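Participant: Please construct the entire structure, taking both the sequences and the accompanying hints into account.
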Amino acid sequence: MASTDAPPLDANRYRQDFPILSSVLHGDQPLVYLDNAATTQRPRCVIEKIVEVYERQYANVHRGIHWLSDQSTDLFEEAREKTRRFINAPLREEVIFTTGATGAINLVARSWGDANMQAGDEILVTEMEHHSNLVPWHQLAARTGCSVKFIPITDEGRLDLEQLPALLTEKTKLVAFTAVSNVLGTINPVVEIVEQAHQAGALALVDAAQSAPHGRNDVQAWNADFVAFSGHKMLAPSGVGILYGRASLLDAMPPFLGGGSMIHRVTMHGFEPAELPAKFEAGTPPIVSAIGLGAAIDYLEDIGVDNIHHYEQMLTQQAHDVLEEVGGVRFFGPPPAEKAGIVSFTLEGIHAHDVAQILDQYGVAIRAGHHCAMPLHKRLGVAASNRASFYFYNTPEEIDALADGLRAAKRVFRR
Amino acid sequence: MSSRKEEEIYQEHVLDHFEDPYHRGELEHRTHVHQGDNPLCGDQICVQLKIGPDQRVQEAWFTGDGCCISLASASMLMQALEGKTVDEVRAFTAEEMLELYQARLTPNRQKCCLLSWRVSQAALFSPVQDGVDSGNREPAGGEQSGPHLGEES
Ligand SMILES: Cc1ncc(COP(=O)(O)O)c(C=O)c1O
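These protein sequences, in sequence, are chains W and S. Residue numbering for the first sequence is 1 to 415, as defined by the working numbering. Residue numbering for the second sequence is 416 to 568, as defined by the working numbering.
For the record, the hints were derived by calculation from the structure and aren't laboratory data. Hints are not guaranteed to be accurate.
What the hints assert, rightly or not - Per label pair, the in silico range of CB-to-CB distance:
(1) R379(W) <-> Q517(S): 35 to 43 Å
(2) Q517(S) <-> P254(W): 43 to 51 Å
(3) R505(S) <-> R63(W): 58 to 66 Å
(4) Q199(W) <-> D480(S): 38 to 46 Å
To be verified - Not the full set, but computed from the structure, chain S residues with beta-carbon under 7 Å of chain W:
(5) C456
(6) G457
(7) C483
(8) F507
(9) F540
The structure displayed is predicted, hence computed values, not measured ones. Just so you know, even glycine gets a beta-carbon here, dropped at the ideal spot from N, CA and C.
Facilitator: Written as structure tokens, this is what we have:
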């Protein structure tokens, strides 16, 4: 955590680095981009890095015996090293490039899951999971006969951890949970959950898709066995994500996808898998996207992840304050001081899609729907909600614009 | 901020239907009923028809919940269906439904507008038998042709 005398973050300075943030929509409405939990925007340094690689350093990685391939491979491996440092992983081979958080979780479900789970075994997830940390386990259950159980949430939108000891049994083989809820903004106590999982003899997978972009993610401090996240939610191109896995586990796991790069030797009769991390990186990887992720990490570290976290919490607090004044707003999740930069709500008497539609006409981009968390919305008792989600480049003025847009929605619907 | 912008989608006649819908409620002597939803936004519409021996829709009612567009369009559709023959209802296309709605819709909101239309088409094939509502869900793969959205991500 940053000390309280950390310099306040100057969002207006960072905005200059994001060309898309100066967009004007519908003729005269400046873009107010508040859909960062879905995906963030890219700074010029990431865009320029991508262009530079394609213009000067691009070839396939780990293959050619030629200068360009060496260049490309060096940059790709440098990005892996930057990512390793960013999440404080002990070893570079524990950092696997995937297609995203979804790709990473599916890799674990297919490889580790198929090899280790059987009928009677249990996987523990939570009621606040994104579908990508839920459906792969449902699929695994269908393949192996294992079952999926849920840690419930409280009415305030926190995990009900009093239930955890009873839910963790000798049948539990994995606890898969999100570090930060993409709907409620709840920041979950990762260390505590991992520790309890381990005490029960289970492994722990942390879905860090919503935490990696916005704060400190230390896989050693967490003591997590697997960690998954996506590049596109942290300034990098889409198409690349990360699976961190403990080397001893990854070593014992069978390869997931088969193809080039993941083999040590192939014969007419079979193959020997390559060493880590190549074993889990079949085929040509998202080379330039991964290099872009490296550039994004440089940029984020320059700002300071703790500064980002604190600034976003300030925006969250402000959002609660100004939306409260609008009237008729029902918030989901815990109080603002316990949330990341995610504020989900409904506006009384107006459907979430209608709210988002009117906000769009004022240039304000938020999310409306179930945000890939249908079981959670069922638990909350609403079919859909609105979600404003922030990043370090959002300003207090933009949150005022959100509130103004909500007032406009109330006028249109005469509420 | 002007109110000009909202008018494009939330026109007066749309809001009128939304706030004071035509035949929103249960139809007692219904002969046909069907319910469908847009799982991605949670909107749900149940269409209830009374089709006479002359194969004409005598009454059309709906129940359900959803956004302004799905409810207003359902209201408009119920008005439009009454008096039509079964064949005419069957021939009533998605494009005609969008025309009936009038206000211009982006592709993802067209789906809201077409929910009640889709359900009404299925209702024709869902007669009430011996007082028991049959076929309360759309048949598997019942997604009709016409503009639609992929899964929400
Ligand atoms: C908590 C959480 N987990 C997983 C994902 C899936 O990420 P991706 O679609 O990039 O694989 C998301 C993104 O929406 C998310 O918010």
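Participant: Each hint: holds or not?
Facilitator: Hint check results:
The hinted range of 35 to 43 Å is satisfied by R379(W) and Q517(S), whose Cβ atoms lie roughly 38 Å apart. The beta-carbon spacing between Q517(S) and P254(W), approximately 58 Å, falls outside the hinted interval of 43 to 51 Å. Between R505(S) and R63(W) the beta carbon distance is about 59 Å. The supplied range of 58 to 66 Å therefore holds. Range check, Q199(W) to D480(S): Cβ separation about 45 Å, and the 38 to 46 Å hint holds.
The interface hint given for C456(S) is met, as the beta carbon of that residue sits about 5 Å from the closest beta carbon of chain W, less than 7 Å. Interface restraint check: G457(S) against chain W, minimum CB-CB distance 2 Å, threshold 7 Å, status holds. The beta carbon of C483(S) comes within 5 Å of a beta carbon in chain W, closer than 7 Å, and the hint placing it at the interface holds. Because the closest C-beta pair between F507(S) and chain W is about 25 Å apart, greater than 7 Å, the hint is violated.
Violation of the interface hint for F540(S) is found here, the shortest Cβ-Cβ separation to chain W being roughly 26 Å, above the 7 Å cut-off.
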